[in-house]
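Enquirer: So you can see what is in the structure, the chains are spelled out below.
4 protein chains.
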Amino acid sequence: MKLQGIIPPVVTPLTDDHEFDEVSYERLLNRMIDAGVDGLFVLGSSSEVVFSTDERRREIIEAAIRITDGRVPVMVGVIDTATPRVIEHIRVAEELGADAVVATAPFYAIIGQKEVERHFRLLHAATDLPIFAYDLPQCVHIKLQGDMLVRLGSEGVLAGVKDSSGDDVGFRFLSIDNEQLGHPLQLFTGHEVVVDGAYLSGADGAVPGLANVNPDLYVQQWKAFKEGDWDRVRELQTQEARLMRITSVTEGETGFAAGVGAFKTALNLMGIFDSPQMPEPILPLDAKNREAIAKVLKEEGML
Amino acid sequence: MKLQGIIPPVVTPLTDDHEFDEVSYERLLNRMIDAGVDGLFVLGSSSEVVFSTDERRREIIEAAIRITDGRVPVMVGVIDTATPRVIEHIRVAEELGADAVVATAPFYAIIGQKEVERHFRLLHAATDLPIFAYDLPQCVHIKLQGDMLVRLGSEGVLAGVKDSSGDDVGFRFLSIDNEQLGHPLQLFTGHEVVVDGAYLSGADGAVPGLANVNPDLYVQQWKAFKEGDWDRVRELQTQEARLMRITSVTEGETGFAAGVGAFKTALNLMGIFDSPQMPEPILPLDAKNREAIAKVLKEEGML
Amino acid sequence: MKLQGIIPPVVTPLTDDHEFDEVSYERLLNRMIDAGVDGLFVLGSSSEVVFSTDERRREIIEAAIRITDGRVPVMVGVIDTATPRVIEHIRVAEELGADAVVATAPFYAIIGQKEVERHFRLLHAATDLPIFAYDLPQCVHIKLQGDMLVRLGSEGVLAGVKDSSGDDVGFRFLSIDNEQLGHPLQLFTGHEVVVDGAYLSGADGAVPGLANVNPDLYVQQWKAFKEGDWDRVRELQTQEARLMRITSVTEGETGFAAGVGAFKTALNLMGIFDSPQMPEPILPLDAKNREAIAKVLKEEGML
Amino acid sequence: MKLQGIIPPVVTPLTDDHEFDEVSYERLLNRMIDAGVDGLFVLGSSSEVVFSTDERRREIIEAAIRITDGRVPVMVGVIDTATPRVIEHIRVAEELGADAVVATAPFYAIIGQKEVERHFRLLHAATDLPIFAYDLPQCVHIKLQGDMLVRLGSEGVLAGVKDSSGDDVGFRFLSIDNEQLGHPLQLFTGHEVVVDGAYLSGADGAVPGLANVNPDLYVQQWKAFKEGDWDRVRELQTQEARLMRITSVTEGETGFAAGVGAFKTALNLMGIFDSPQMPEPILPLDAKNREAIAKVLKEEGML
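Chains as they are written, first to last, in our numbering: chain R, 1 to 303; chain C, 1 to 303; chain V, 1 to 303; chain E, 1 to 303.
FYI, nobody ran anything at the bench for these hints, they're computed from the structure. Take the hints with a grain of salt, since some may be wrong.
The list makes no distinction among identical chains, and a pair is therefore deemed to hold if it is satisfied within one copy or across any two copies.
[Stated by the list, open to error] DSBU-like, lysine-lysine: derived pairs with alpha carbons at most 35 Å apart:
no.: 1; residue 1: Lys114; residue 2: Lys143
no.: 2; residue 1: Lys298; residue 2: Lys223
no.: 3; residue 1: Lys298; residue 2: Lys143
no.: 4; residue 1: Lys2; residue 2: Lys114
no.: 5; residue 1: Lys288; residue 2: Lys114
no.: 6; residue 1: Lys288; residue 2: Lys2
Work the whole structure out from these sequences, hints included.
Expert: This is the structure:
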């Protein structure tokens with residue numbers, strides 16, 4: 001199984017009192033699967049994985065596996081601070097039926113590249129599941145080196161990379177190196193508004209958070225790319241970028257609150273989520289920001 | 001209870017096969033308590049908290065409480081990525097008998113100061129234990145603002161601050177503000193080689209990792225400070241700084257591997273730890289680095 | 001005059017004793033103009049502008065204007081720490097016949113966005129020459145905000161942007177905003193290995209340092225883009241990326257020494273520069289690095 | 001001549017129309033010399049050196065030399081982007097009678113430690129004046145390594161260091177290393193509110209911008225330190241820290257505008273400067289911020 005295409009990182013709905021809202025979750029997943037996505041990525045950064053207790057993580061995986069019911073592969077994030085904790089999450093993912101796991105480098109403790117490499121090797125020694133390396137230096141505070149990634153790919157340690165590093169130059173070199181070695185790694189971009197550039201660079205697909213709000217655009221864009229219709233690819237990219245403004249029209253919010261807050265608010269406005277509730281210590285976006293998001297959704301024909 | 005004085009962040013010994021080594025731990029704790037430390041801080045950064053599974057964390061707390069047996073207060077780190085997970089660690093700390101807990105801001109997800117403030121308020125609402133804020137932007141990637149800290153102190157949300165931010169200017173302002181409000185916060189520095197400057201700035205004590213290797217120096221320095229003997233304070237500071245070179249004489253290592261690696265290697269060389277084992281994915285320091293550390297220990301009369 | 005297409009930032013040859021080597025310069029410029037570049041950018045970062053005295057800067061502009069002789073427009077960098085110094089450089093550029101000037105935000109002193117905006121307004125008030133904003137946060141340590149750039153563009157303060165910020169997401173939004181306002185800004189990318197992605201994003205051209213070494217690739221790629229031949233655009237991008245490895249095969253060098261050092265060494269190996277000399281305090285690349293670069297050049301058919 | 005004690009970095013007064021205000025400058029310098037400072041540092045960061053044209057720099061040095069008239073030594077900043085430009089400034093400093101020069105590492109272009117070291121060696125080869133290295137990574141974006149500094153000190157390349165790096169741990173190690181080699185470097189701290197900690201660490205003096213506003217506090221503190229009266233040293237430090245709040249009570253300003261803006265506004269309020277004018281593109285602080293500063297000055301008995 002080589003994963004490719006559109007694999008959205010699934011946002012996690014909460015009830016107003018911070019319980020997992022499985023009904024909304026089912027609506028969200030079915031809508032994306034019906035739109036034709038090629039897989040789902042649960043417990044990624046946008047899924048509020050680091051805000052979720054181990055019990056909550058388990059709830060989410062179980063629901064995703066049950067709802068998906070084999071229609072598309074399910075990748076599961078096993079994100080935690082260091083190897084021993086990550087391996088525990090891998091055990092749960094294995095038990096519950098994940099198709100692949102996604103792991104970052106260790107974080108919080110300051111480490112070097114040799115420890116990052118050993119980390120991935122230890123994860124591989126611990127599981128038969130395909131492992132995707134998640135490159136997200138804004139959160140993890142270390143960049144995964146391209147030469148390390150292709151080495152681990154060609155040795156069978158890694159199955160692929162989800163690149164959200166914001167480093168398009170690095171991604172290009174990674175892609176060229178990967179090609180020279182026979183394409184051992186499946187490469188995905190996590191940047192919603194430059195998916196087209198990533199396809200030019202050789203990406204095997206995208207993991208766009210915005211596909212929670214509009215999966216169609218990304219599915220159509222992937223098809224256009226496969227057909228070599230670059231005008232259509234660009235046109236859809238512009239539509240995606242315009243819709244992505246839901247994450248920047250808000251005021252007084254930064255980072256996770258602005259980004260995932262906008263996704264949840266949009267999904268709530270569109271009737272897919274019953275509540276825009278955010279995980280503690282984040283509050284849902286206020287009325288004014290909600291209005292600003294509604295305005296963008298209307299302009300883009302989503303409301 | 002107002003904590004003050006020398007409260008070392010306790011390094012965690014492992015066996016060669018990565019089990020918790022309670023025998024070495026007992027030697028370490030008794031040596032520090034016998035030297036006259038005023039408390040112990042377990043499950044801090046130097047205690048490899050983020051490398052430890054929940055089960056390992058529990059083992060460590062239980063051992064610390066059992067060994068300490070009320071001789072000195074035990075502060076317990078409840079370090080995790082966000083509020084819901086931190087509250088789970090607080091529950092364990094309460095259950096096992098901690099005297100206080102130490103929490104960082106949330107990390108990994110990018111958040112703002114208002115979320116950090118809400119985080120500490122939610123922790124306080126969840127427990128009666130005194131809460132110490134841990135300021136460590138090198139790992140947490142956000143600086144705790146001084147005005148927020150004193151506000152939370154004067155409202156009874158926080159009992160104190162462990163400052164390892166490397167920002168001596170900020171610490172001075174924090175100390176002056178705290179004084180003006182009647183000293184609601186107990187302030188501790190985590191920087192081994194400028195403890196004297198922190199005392200001048202108004203610190204109520206220190207949390208020096210190096211005190212694992214030589215607790216006497218810090219206990220004597222605290223006494224000299226209380227007696228107003230600044231020449232002695234400085235003299236001891238110079239000795240501490242010279243000993244601290246065990247963390248910089250190594251080659252090819254950075255961050256946690258260099259720092260805690262040096263502490264563990266020194267404790268092993270001195271016969272206090274049976275093994276210099278490090279948590280995965282970190283390897284113990286190699287023979288050459290071990291020699292370099294032994295040389296410093298000899299020069300400083302520790303071997 | 002709307003600048004567009006390929007406008008290489010011209011590398012500055014030095015003699016072994018650190019004089020400006022006008023003979024090599026003439027070879028370099030003529031070769032690029034003959035290849036069909038659309039303009040030249042002198043005194044940019046790659047032109048060692050910040051290593052050049054005011055007298056040296058003048059020598060370089062004079063030579064560029066003389067050699068170019070109106071065949072293509074000449075953009076002149078007026079890079080310095082703050083407004084009054086930049087305006088002095090603008091005066092010289094005007095006097096010597098520049099077609100446009102390129103300015104960064106102020107640097108060294110820490111300032112905010114409002115001061116950056118005022119800076120560009122003051123520059124515009126001081127000259128009739130078209131002003132291009134140079135976005136290079138790796139050197140300038142402040143990112144030019146997209147909304148400020150398009151505002152200054154629509155008011156006629158700025159004629160365009162040279163984006164070397166490494167932020168492809170920001171560039172996409174800048175391009176879309178610029179389009180909505182009627183395209184007041186001409187947008188150029190400075191990133192050699194993702195020029196294709198920038199074209200997809202709406203760039204009006206590229207300012208690739210690597211075009212000093214091989215201008216043909218970039219000129220052909222621009223033509224392919226104008227003809228909508230994306231397969232050819234990508235194919236040329238891969239060739240460019242492979243050639244760009246001259247900047248990463250070196251060992252023991254970073255930043256300017258690795259990048260411009262590689263360009264100068266390649267130009268020297270190819271017989272265009274008489275010497276690979278670097279400006280003080282940088283030394284030319286050593287024999288081993290020179291060999292590594294020669295190897296890449298041979299593989300890419302440049303030697 | 002071994003420089004030591006209090007050497008304020010002199011703020012530069014401007015007239016409302018951005019000319020150098022030599023009358024105010026004379027008032028400022030005489031007031032500091034009368035207060036007993038041990039030297040003056042002109043054309044440092046706080047002197048708006050990077051906002052000043054070469055002609056303005058010359059005006060300032062000439063005025064400083066004329067006014068000082070040998071009463072105290074004058075250190076002159078020769079701050080520019082790279083070696084050839086810095087050497088030109090050194091020539092002017094020599095010509096006009098400076099007693100020492102102060103140089104940073106090169107900035108803007110990204111370089112490594114070996115180039116920094118070569119830079120200082122080239123400066124030393126170019127002049128007989130004592131050279132002080134200025135460590136200011138917030139502006140220069142590279143940290144001067146302690147081992148390099150003491151090596152250059154023991155070889156006679158550097159006469160001393162002005163440390164404004166905000167790294168008190170590094171300063172302590174620098175001081176201890178310097179002592180072991182026989183104290184070749186004179187070490188100064190630039191951090192106004194932790195001068196006492198720097199004295200404990202072994203500093204030979206301070207270069208506090210705040211001494212422009214109140215030179216007495218720093219002169220008295222230096223005397224108290226020389227007499228071993230640490231209680232007095234601390235007491236004065238608290239007064240200095242309280243006065244330093246003029247730089248943080250402002251709203252909507254950052255960096256240079258907040259810091260030097262506050263100094264100029266205070267000096268204007270106190271009648272020492274005729275105008276609070278700031279160099280372009282910075283505006284003087286607004287009325288509300290001016291009031292906030294006046295309030296602090298009154299509380300501290302300066303108005």
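Enquirer: Next step is simple, just say for each hint if it's right about the structure.
Expert: Going down the list of hints, with the structure as the test:
1. Lys114 / Lys143: Intra 12 Å, inter 24 Å, cutoff 35 Å: intra and inter.
2. Lys298 / Lys223: This pair counts as within: shortest intra-copy Cα distance 26 Å, inter-copy 39 Å.
3. Lys298 / Lys143: between (38 Å within a copy, 31 Å between copies)
4. Lys2 / Lys114: Within. Shortest intra-copy distance 28 Å satisfies the 35 Å Cα cut-off; inter-copy 43 Å does not.
5. Lys288 / Lys114: Cα proximity of Lys288 and Lys114: across copies only (18 Å, versus 47 Å in one copy).
6. Lys288 / Lys2: Neither, since 44 Å and 41 Å both go past 35 Å.
When the structure is compared with the earlier hints, a violation turns up for hint 6 alone.
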